[in-house]
Amino acid sequence: MKVKYFAWVRERVGKAEETIEPPASVRTVEELIAWLSAQGEAYAYAFEKPKVIRTAIDHAHVKADAAIAGAREIAFFPPMTGG
Amino acid sequence: MSSPVTTCPVAIRIQEDDFDIAREIAVLTRSRTDIGAVVSFSGICRADDDSSKIAALTLEHYPGMAEEEIKRHVDEAMSRWPLNGITVIHRVGRFMPGQNIVLVLTASQHRRAAFEAAEFLMDYLKTSAPFWKKEESATGTGWVEAQARDDEAAARWTKS
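One line per chain: the protein sequences are A and B, in this order.
Following full-length UniProt numbering, the numbering of the first sequence begins with 1 at its first residue and continues without gaps.
Following full-length UniProt numbering, the numbering of the second sequence begins with 1 at its first residue and continues without gaps.
No lab work stands behind these hints, which were simulated from the structure alone.
No false leads were mixed into what you were given.
So, partial list: chain B residues that the calculated Cβ filter (under 10 Å) puts toward chain A:
hint : residue
1    : G43
2    : V102
3    : M122
Which bits of chain B does chain A cover? Going by a derived footprint, with three or more residues having C-beta under 8 Å, they are:
hint : segment
4    : 56 to 63
5    : 126 to 138
Beta carbons: idealized from backbone N, C-alpha and C, even for Gly.
Given only the sequences and the hints, what does the whole structure look like? Please build it.
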């Protein structure tokens, strides 16, 4: 699946997007964040406070317990500050 | 004899270019005789953020999702109020104090719906549309943190 990062999450991870293949045991957003956090120092830094991270699946906001099955694009970002 | 227009044209744009409020209002109201009120809100880059002087502000967005998220709330606004036209323009890129960032126009037959819909759209734009601000000041650069007061402002529109 395609993963996108925005704002300081993007800066900390060090890239704007990538394609990942998490194991089948990773079923929810929360589990995906935990899995990503274990992929290296940059990820651990980006996701050090998982509760702060907002997630969107296929352009719609979702909660931490949302299932990731079938997702085409998952995005991680800090709380929005537009307007 | 032509019957009065009762459609609600919607324009949603995310762009780097500046906008002209007078021109956008003229576009929204052109050839219309059913519009009695247009409310415009414009957000402008400020020179200070409570404590520090801001030299510039950079706006980043999530292309695709930002437009969809605004559209969702425009649809919601249309279901709540009798609106005759909506324009939402959000700029992205780097801005200096005094420059325009966002414009919301809401048109209705009467002012109350237009005022309320504009406020509703702005409250959700700030808390739900995927845009992020980064400030540059004498002490360096930093991402603007979301404000609890903005979440509280958006929460008052939640239907119980």
